[in-house]
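Protein chains: 2
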Amino acid sequence: MVKVSVMYPNTTGVQFDMAYYLDRHMPMVGKLLGGALKGMNVEEGLAGGAPGAPAPYVAMCHLLFDSVDEFQTAFGQHSPTILADIPNYTNSQPTVQISQVKL
Amino acid sequence: MVKVSVMYPNTTGVQFDMAYYLDRHMPMVGKLLGGALKGMNVEEGLAGGAPGAPAPYVAMCHLLFDSVDEFQTAFGQHSPTILADIPNYTNSQPTVQISQVKL
Chain A
1 MVKVSVMYPN TTGVQFDMAY YLDRHMPMVG KLLGGALKGM NVEEGLAGGA PGAPAPYVAM
61 CHLLFDSVDE FQTAFGQHSP TILADIPNYT NSQPTVQISQ VKL
Chain B
104 MVKVSVMYPN TTGVQFDMAY YLDRHMPMVG KLLGGALKGM NVEEGLAGGA PGAPAPYVAM
164 CHLLFDSVDE FQTAFGQHSP TILADIPNYT NSQPTVQISQ VKL
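So the sequence lines, in the order shown, correspond to chains A and B.
Residue numbering for the first sequence follows my numbering, starting at 1 and increasing by one per position.
Residue numbering for the second sequence follows my numbering, starting at 104 and increasing by one per position.
No wet-lab data here; the hints were simulated from the structure.
Honestly, I wouldn't trust all of these hints.
Just the calculated beta-carbon pair ranges, DEER-fashion [what the hints assert, rightly or not]:
| hint | chain 1 | residue 1 | chain 2 | residue 2 | range |
| --- | --- | --- | --- | --- | --- |
| 1 | A | Val68 | B | Met104 | 24 to 32 Å |
| 2 | A | Met40 | B | Gly116 | 29 to 37 Å |
| 3 | A | Gly49 | B | Asp169 | 15 to 23 Å |
| 4 | A | Lys31 | B | Pro183 | 42 to 50 Å |
DSS-like mimics (lysine-lysine), calculated; alpha carbons at most 25 Å apart, straight line [said to hold, decoys possible]:
| hint | chain 1 | residue 1 | chain 2 | residue 2 |
| --- | --- | --- | --- | --- |
| 5 | B | Lys205 | A | Lys38 |
| 6 | B | Lys141 | B | Lys205 |
| 7 | B | Lys134 | A | Lys102 |
| 8 | A | Lys31 | B | Lys205 |
| 9 | A | Lys38 | A | Lys102 |
| 10 | B | Lys141 | A | Lys102 |
| 11 | B | Lys141 | A | Lys38 |
| 12 | A | Lys102 | B | Lys205 |
In this text, a Cβ means the ideal position worked out from N, Cα and C, and glycines have one as well.
Just chain A, same shape as in the assembly (with noise of 0.2 Å):
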């Protein structure tokens, strides 16, 4: 199993509508992806590990899929029309990250 984590810098003057997320732009995701879309995961940082510390990452998406194949298939075509969505619910640019599952 492959996680795709798509994390958002927690940079300042970030603007994040966690709402807009939640309600509008995973379903179209989930929609989108279909079948490869083995699960889908949101969450939302409070903070960081050290007392204090602030959360590296406003927001994380992590994303499952079957194999990497599957998911360049399955995003690749679909591609424009979840990157053009980006602005509609942030300033922020994501940090990906393609891994494998290990437990």
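Got chain A sorted already, so can you dock chain B onto it with the hints?
The following block gives chain B in isolation, referenced to the frame of chain A:
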């Protein structure tokens, strides 16, 4: 539900012993955190989002708790033991985020 993400940056010269992490460190963490720990995931970084880009993190771990208080109580009791084991599998300093699970 609260998720604690421990992310090991994929810096130059980073070393990470995934076998030790999976077979020794994480089982120890699970045992020490006990019933407060509601779920655990481990991922190994494969790639970044852009073609040919490296993974931002060599490894990530996500731990689920019912609340921040539950995490702090469980982790606080055992943090010296857990943190002292880090040099046994990596020379990386992890980035930690505490998040509210939204989806």
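Status of each hint after checking the structure:
no.	hint	in the structure
1	Val68(A) <-> Met104(B): 24 to 32 Å	holds (28 Å)
2	Met40(A) <-> Gly116(B): 29 to 37 Å	holds (34 Å)
3	Gly49(A) <-> Asp169(B): 15 to 23 Å	holds (19 Å)
4	Lys31(A) <-> Pro183(B): 42 to 50 Å	holds (47 Å)
5	Lys205(B) <-> Lys38(A)	holds (18 Å)
6	Lys141(B) <-> Lys205(B)	holds (16 Å)
7	Lys134(B) <-> Lys102(A)	holds (19 Å)
8	Lys31(A) <-> Lys205(B)	holds (19 Å)
9	Lys38(A) <-> Lys102(A)	holds (16 Å)
10	Lys141(B) <-> Lys102(A)	holds (18 Å)
11	Lys141(B) <-> Lys38(A)	holds (21 Å)
12	Lys102(A) <-> Lys205(B)	holds (23 Å)
Violated hints: none; the structure is consistent with every hint.
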